[in-house]
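Following the hints, position chain B against chain A.
The primary structure of each chain is shown beneath.
There are 2 protein chains.
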Amino acid sequence: MKEDLLLAKRYQKEISLLEETVSLLDWDQQTYMPEGGSSSRAEQKSLLSSMIHKMMTADELFAAVKRMKRKKLSGDNKFMVDKLYNIIVRHKKLPGEFVEELSRQTSLAFSAWEKAKSNNDFQMFKPHLEKIVQLKQKQARYIGLPGHPYNSLLDEFEEGMTAEKLKPGFENLKTHLLALIHSIKKTAVYKSHESKRNPLIIPEDAQIRLCKDVIQRVGLSDKGSRLDFSAHPFTTTIGTNDVRITTNVRKNPLFAFESTLHEAGHALYELSIPEKFANTVLRASPSYGLHESQSRFWENMVGKGKGFWKYYVQKFNELGGLDIDFNRLYEEINAVHPGLIRVESDEIHYCLHIILRFEMELGLMEGSIKVKNLPEIWNARMKELIGISPANYADGVLQDVHWSLGAFGYFPSYALGTVYAAQLYSALMKNIPGIGQDIARGNFTKARKWLNEKIHRQGAKYQTEEVIRKICGEGLNTDVYVRYLTEKYRGIYGF
Amino acid sequence: MKEDLLLAKRYQKEISLLEETVSLLDWDQQTYMPEGGSSSRAEQKSLLSSMIHKMMTADELFAAVKRMKRKKLSGDNKFMVDKLYNIIVRHKKLPGEFVEELSRQTSLAFSAWEKAKSNNDFQMFKPHLEKIVQLKQKQARYIGLPGHPYNSLLDEFEEGMTAEKLKPGFENLKTHLLALIHSIKKTAVYKSHESKRNPLIIPEDAQIRLCKDVIQRVGLSDKGSRLDFSAHPFTTTIGTNDVRITTNVRKNPLFAFESTLHEAGHALYELSIPEKFANTVLRASPSYGLHESQSRFWENMVGKGKGFWKYYVQKFNELGGLDIDFNRLYEEINAVHPGLIRVESDEIHYCLHIILRFEMELGLMEGSIKVKNLPEIWNARMKELIGISPANYADGVLQDVHWSLGAFGYFPSYALGTVYAAQLYSALMKNIPGIGQDIARGNFTKARKWLNEKIHRQGAKYQTEEVIRKICGEGLNTDVYVRYLTEKYRGIYGF
Numbered sequence: 001m002k003e004d005l006l007l008a009k010r011y012q013k014e015i016s017l018l019e020e021t022v023s024l025l026d027w028d029q030q031t032y033m034p035e036g037g038s039s040s041r042a043e044q045k046s047l048l049s050s051m052i053h054k055m056m057t058a059d060e061l062f063a064a065v066k067r068m069k070r071k072k073l074s075g076d077n078k079f080m081v082d083k084l085y086n087i088i089v090r091h092k093k094l095p096g097e098f099v100e101e102l103s104r105q106t107s108l109a110f111s112a113w114e115k116a117k118s119n120n121d122f123q124m125f126k127p128h129l130e131k132i133v134q135l136k137q138k139q140a141r142y143i144g145l146p147g148h149p150y151n152s153l154l155d156e157f158e159e160g161m162t163a164e165k166l167k168p169g170f171e172n173l174k175t176h177l178l179a180l181i182h183s184i185k186k187t188a189v190y191k192s193h194e195s196k197r198n199p200l201i202i203p204e205d206a207q208i209r210l211c212k213d214v215i216q217r218v219g220l221s222d223k224g225s226r227l228d229f230s231a232h233p234f235t236t237t238i239g240t241n242d243v244r245i246t247t248n249v250r251k252n253p254l255f256a257f258e259s260t261l262h263e264a265g266h267a268l269y270e271l272s273i274p275e276k277f278a279n280t281v282l283r284a285s286p287s288y289g290l291h292e293s294q295s296r297f298w299e300n301m302v303g304k305g306k307g308f309w310k311y312y313v314q315k316f317n318e319l320g321g322l323d324i325d326f327n328r329l330y331e332e333i334n335a336v337h338p339g340l341i342r343v344e345s346d347e348i349h350y351c352l353h354i355i356l357r358f359e360m361e362l363g364l365m366e367g368s369i370k371v372k373n374l375p376e377i378w379n380a381r382m383k384e385l386i387g388i389s390p391a392n393y394a395d396g397v398l399q400d401v402h403w404s405l406g407a408f409g410y411f412p413s414y415a416l417g418t419v420y421a422a423q424l425y426s427a428l429m430k431n432i433p434g435i436g437q438d439i440a441r442g443n444f445t446k447a448r449k450w451l452n453e454k455i456h457r458q459g460a461k462y463q464t465e466e467v468i469r470k471i472c473g474e475g476l477n478t479d480v481y482v483r484y485l486t487e488k489y490r491g492i493y494g495f
Numbered sequence: 001m002k003e004d005l006l007l008a009k010r011y012q013k014e015i016s017l018l019e020e021t022v023s024l025l026d027w028d029q030q031t032y033m034p035e036g037g038s039s040s041r042a043e044q045k046s047l048l049s050s051m052i053h054k055m056m057t058a059d060e061l062f063a064a065v066k067r068m069k070r071k072k073l074s075g076d077n078k079f080m081v082d083k084l085y086n087i088i089v090r091h092k093k094l095p096g097e098f099v100e101e102l103s104r105q106t107s108l109a110f111s112a113w114e115k116a117k118s119n120n121d122f123q124m125f126k127p128h129l130e131k132i133v134q135l136k137q138k139q140a141r142y143i144g145l146p147g148h149p150y151n152s153l154l155d156e157f158e159e160g161m162t163a164e165k166l167k168p169g170f171e172n173l174k175t176h177l178l179a180l181i182h183s184i185k186k187t188a189v190y191k192s193h194e195s196k197r198n199p200l201i202i203p204e205d206a207q208i209r210l211c212k213d214v215i216q217r218v219g220l221s222d223k224g225s226r227l228d229f230s231a232h233p234f235t236t237t238i239g240t241n242d243v244r245i246t247t248n249v250r251k252n253p254l255f256a257f258e259s260t261l262h263e264a265g266h267a268l269y270e271l272s273i274p275e276k277f278a279n280t281v282l283r284a285s286p287s288y289g290l291h292e293s294q295s296r297f298w299e300n301m302v303g304k305g306k307g308f309w310k311y312y313v314q315k316f317n318e319l320g321g322l323d324i325d326f327n328r329l330y331e332e333i334n335a336v337h338p339g340l341i342r343v344e345s346d347e348i349h350y351c352l353h354i355i356l357r358f359e360m361e362l363g364l365m366e367g368s369i370k371v372k373n374l375p376e377i378w379n380a381r382m383k384e385l386i387g388i389s390p391a392n393y394a395d396g397v398l399q400d401v402h403w404s405l406g407a408f409g410y411f412p413s414y415a416l417g418t419v420y421a422a423q424l425y426s427a428l429m430k431n432i433p434g435i436g437q438d439i440a441r442g443n444f445t446k447a448r449k450w451l452n453e454k455i456h457r458q459g460a461k462y463q464t465e466e467v468i469r470k471i472c473g474e475g476l477n478t479d480v481y482v483r484y485l486t487e488k489y490r491g492i493y494g495f
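Those sequence lines, one after another, are chains A and B.
Here the first sequence is numbered in this note's numbering, starting from 1 and rising by one per residue.
Here the second sequence is numbered in this note's numbering, starting from 1 and rising by one per residue.
In case anyone wonders, no lab produced these hints; they're calculated from the structure.
For glycine and all other residues, C-beta sits at the position ideal for the given N, C-alpha and C.
Honestly, I wouldn't trust all of these hints.
Claimed, not checked - Selected chain B positions facing chain A (in silico; Cβ < 8 Å):
id : residue
1  : 35
2  : 41
3  : 127
4  : 239
Chain A with its partners taken away, still in its complex shape (with noise of 0.2 Å):
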């Protein structure tokens, strides 16, 4: 049994340096790496995912879990059995050498991507996306989780969710943000604002100034975390005490502070999971839709909220070397606008192109939407949800990196987490008396050390569906954002 534990560690520890170091290639890849490197990377990370899926899968861990699953364990072992069992399991219905071709062709379709994505140009990615769709419809099989195909992908990022379950709480979730957006629409505020669109200018150093302040400021200290740029924002963990942040200037000169802030989330997310479970399955976040509950915490909670900007307007100005005042900034922070890229979306519109996305994944996983069809019914699509098409691939169909990385499933996540993200701000609201108060002081150490008791310092010990119960009193409910959108948006535009 002590036996059994020691084995099971050192197999998790070796595990998860090689997972870290794939998160090195990873971040290399999207933020320093030369043009050239991209042949070798691919290899690079197709042997070390090799490597990961043999350790995964090896006779005697598995015989050791399961002879530690029959016996009575309890404590965090227990939780540490029980996942890496679940982990095993899945991991072991994949072969190898379908592991190794998803990691080269997903390397490979990463740096095409770029390209593709910078010279807009689809037929450059289209070959790329053809055969990771197909490698992702194979892996479905492998995984084989009953009903939609698509289930058995997106039980990687959100365990138990199904497409089954989420196509009726998308369209509940559409009805309300397209009955949102239309009353927004209709206001006098909207039509002025529409009108007269007049963006703020801020300078790329004072954009990256006041980046780095921010971070700092919710508590991500530089000696264990870093910011970088990549084409698209992202957050990586490479040690114990070292996650890095990426960001990116976008026309859009909040883009740049806001995607910050929304990475700290998830680097402060990471960087409080606590010690102990290092080197563990446990040293984990229940889900993709958690961990970015957090990011989606600091972002629009946070990040977009009045007490924030009261606070912060002062120094944002200064630092910035600038003069915006208050409710320019507080109402250009939280324009709705329909917008064709994502990442840059008001917090209305967010969860629709997250809808459009998972109806194009559902399509090219039953097959009903080939790849060569994609960009036309993309746009199609954008222009009924969104009520605008873009007019270049780049801002279309290439404009986000998942598909490239084989990620597909992953996008629910992002509106699960949105949602997530309202629900804990209101217990937040409840659980401590003058919480709105602190962060309209700068004050936000209490709301950090909320989340990670609350959150962080479980680790993966819990499912999603129970750590929010357990702190909202209820699981996912689309209605509590639904309420928190209506009433701040009726707050500035006054529908």
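Same frame as chain A, but now just chain B:
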């Protein structure tokens, strides 16, 4: 036979992919990793090193290589099998746990060295260095080559080289260099230069612009390379077309420029090794000394030469927003002046810095020098060899990264490469008439192609001595270097 070859190639491919990954872990540690990452990084490198070691010493690989060695192989495969056999034999002398331990300790020591150096605190580094010296003594015993224990470490960098051979060579070099310095110091030019030292002023951003410009001119494309910053400039190969170089900005405003040109020489070598050797042991240089000959060639023979500067001075001024006249620039670049820092040393003093380190390493290996006494011994010997001694540890015993990385036996390669570079330059001048004028026109193609053909294209097929002998008609000859120095500096100082 066919199967043995396939097996050996598969092993080499996986090993080289893991080695490239270790290089990325290293590169990142020296460039971007946040401080908090150091303990995870040590574990990651240790795991990968131990995996490489396990693969390299795998029974099936050794059996296949021995079978192939007994058969008559021809062409590149013969070279590959011989080289691989030697590498395996060397690896087999080291126990896996030792390799793991060494990797972990050096990774931790590197982070400690960085801190110690920036805090100018030898005590912070001392326990790490003591540990590493112990491990290196142990390694020397495992390797067990005849003669001085140092030989077993040296062999990793310079196959076949020994302390016994180096001692008289360095003795001879030292005598000549000290005599040269004596002559130079008596000249009026030297005295006038010393009496009114008036360093150039080049803004940091101009220094970086010039670095980026010059590496492009000598033929380093950013498709396959990039330039970053690290405490200690270095070159590392992370993939077939992914070679990274680093520099840093120091008080000497020419340091970044010269060190970048130096590293570019290494990078040009790495990027010119033919693709056919990719993922085999032949994708390498026969020795660190031969590699260094390429960096020295570009740094010294080209980058400190009259021809190059006649051509480049105007562009240098334009790009840097400067106004420095040719004579002043050429004089400053080649100013002989006793300095504390090896990598900032002029050509004349350079090898004395190496000889000092060689002596320290011999003493540490023998046990005649204790780590705790190292600073005072260093300082005393600096006084004897260079005529000055450092006022702090950072400029003294803590200045170089090598010991923290466990690279004992590396320093002699710098002197060997410096001498080879002079020999190669002399051969090039004889071989290609008009090459001097080409360089003075900013046309480096012929020189680069000549080096490619004579050196880079061979990969690691031949021993260094063979390569040099074939090109220069003789092996290592320090007299050629002394002659080069004498002629050049007589021109400048008129002794």
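Against the structure, the hints come out as follows:
1. 35: Cβ of residue 35 of chain B sits 5 Å from chain A, so the hint holds.
2. 41: With a closest approach of 6 Å, the residue 41 of chain B hint holds.
3. 127: This interface hint is violated because 22 Å lies over the 8 Å limit.
4. 239: holds, 3 Å
Figure legend: structure checked against the earlier numbered hints; the only hint not met is number 3.
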